[in-house]
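Peer 1: Chain residues, written in single-letter form:
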Amino acid sequence: MPILGIIASSITGGLSTTAYESISTVTVGSGGTSAVTFSSIPSTYTHLQVRGIARSTGSSSMKLRINSDTGSNYSYHQLYGNGSTVSSNGYASFTTMYIANLPVAADGANLFDGFVIDILDYANTSKYKTFRSLNGFDANGSGYIALESDAWLNTSAVTTLEFTTSVGIAQYSSFALYGIKG
Amino acid sequence: MAAGATYEPIATNTLGSATASITFSSIPSTYTDLILICNGTNTAGGSTELLLRYNSDTGTNYSTVFMFGNGTTTSSQISGINTSVAAGQTDITKPTPVICHINNYSNSTTYKTSLVRASDSAGKVWASISLWRSTSAISTINIRPYSGNLSSGFTATIYGIAAA
Chain W
31 MPILGIIASS ITGGLSTTAY ESISTVTVGS GGTSAVTFSS IPSTYTHLQV RGIARSTGSS
91 SMKLRINSDT GSNYSYHQLY GNGSTVSSNG YASFTTMYIA NLPVAADGAN LFDGFVIDIL
151 DYANTSKYKT FRSLNGFDAN GSGYIALESD AWLNTSAVTT LEFTTSVGIA QYSSFALYGI
211 KG
Chain R
75 MAAGATYEPI ATNTLGSATA SITFSSIPST YTDLILICNG TNTAGGSTEL LLRYNSDTGT
135 NYSTVFMFGN GTTTSSQISG INTSVAAGQT DITKPTPVIC HINNYSNSTT YKTSLVRASD
195 SAGKVWASIS LWRSTSAIST INIRPYSGNL SSGFTATIYG IAAA
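These protein sequence lines are chains W and R, in that order.
Residues 31 to 212 in my numbering are what the first sequence spells out, letter by letter.
Residues 75 to 238 in my numbering are what the second sequence spells out, letter by letter.
Chain W on its own, in the form it takes in the complex:
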């Protein structure tokens, strides 16, 4: 039985600990980094999940590019709350996904966004790829919580994930990629 974090409430027993496997993990070191990249992702799983925490060195939007595709082939929709209102927005024909909103120095020390990103049917070569994300950060009096849906308008199997911000990803940010068997 596939185990997917966001929908794991369906677990009722008989848990298979071999259906959910760690593929690779990146923890950002001193000085931060411009990008976190998972490449050569095997096509042997049914779904992927990326889990972690992240903080930016100066720009709040965390971008995600698939298979190094720099074309205008990405779109996203977002439902989010900021502690006072709930809003929704969406954009099309972007050159990257916008997958999370990261805290920066002005939000306070030691704060990190938490995120869980599901990539369903990532290796299928007949479907566009849809990503979904639960993410947010709390800054003790402010913050945001978001549900996001992103599309990559391409039928290729996903083999590379590149996370960036406009400035950089801060030290101690951690990204863990998992594969889920069908």
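Be a bit skeptical, because a hint or two may be false.
To be verified - Stretch by stretch, here's where chain W covers chain R in the computed footprint (C-beta under 8 Å, at least three residues): (1) 87-99; (2) 133-145; (3) 148-154; (4) 158-165; (5) 180-188; (6) 227-238.
Just so you know, these hints were derived from the structure itself, not from any lab.
Ideal Cβ positions, reconstructed from N, Cα and C, are used throughout, including at glycine.
Dock chain R against chain W, hints included.
Peer 2: Positioned in the frame of chain W, the structure of chain R alone reads:
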């Protein structure tokens, strides 16, 4: 890229009678993330927040931003509860499933975030993010309602996910 088995149940508790709280202690630090899944009702007589407390810290070191829709309106608020994580609302008759992701719970350098998705079948769909302003590894999780007790049959299971 080497792959290995992960995602393991650590502990589970199903209440045989109404109880004030459930505590998971001595949580090993050998995983990367924790996922806490709860489902059940409370005895308070209505909807009340489900609260999580880490490492028995009773200080005002918690904060939560949440949003919900109740079938009529949407709302986002900053929780007034600052001595616990506010992890959705439980109801007296309809079980409320709660999934809480505690990513990088065992590092000793960052404050800890808790991502929650909850569905109060009495009337709300909920998502929230909470901050525990401590860099300590989480080794104990206490689960309780804001008022009343957890009802008989309330279930709580904690899973560990280990990254390569």
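Peer 1: Look at each hint and say if it fits the structure.
Peer 2: Here is how each hint holds up against the structure:
no., hint, result
1, 87-99, "violated (count 0)"
2, 133-145, "holds (count 6)"
3, 148-154, "holds (count 5)"
4, 158-165, "violated (count 0)"
5, 180-188, "holds (count 6)"
6, 227-238, "holds (count 6)"
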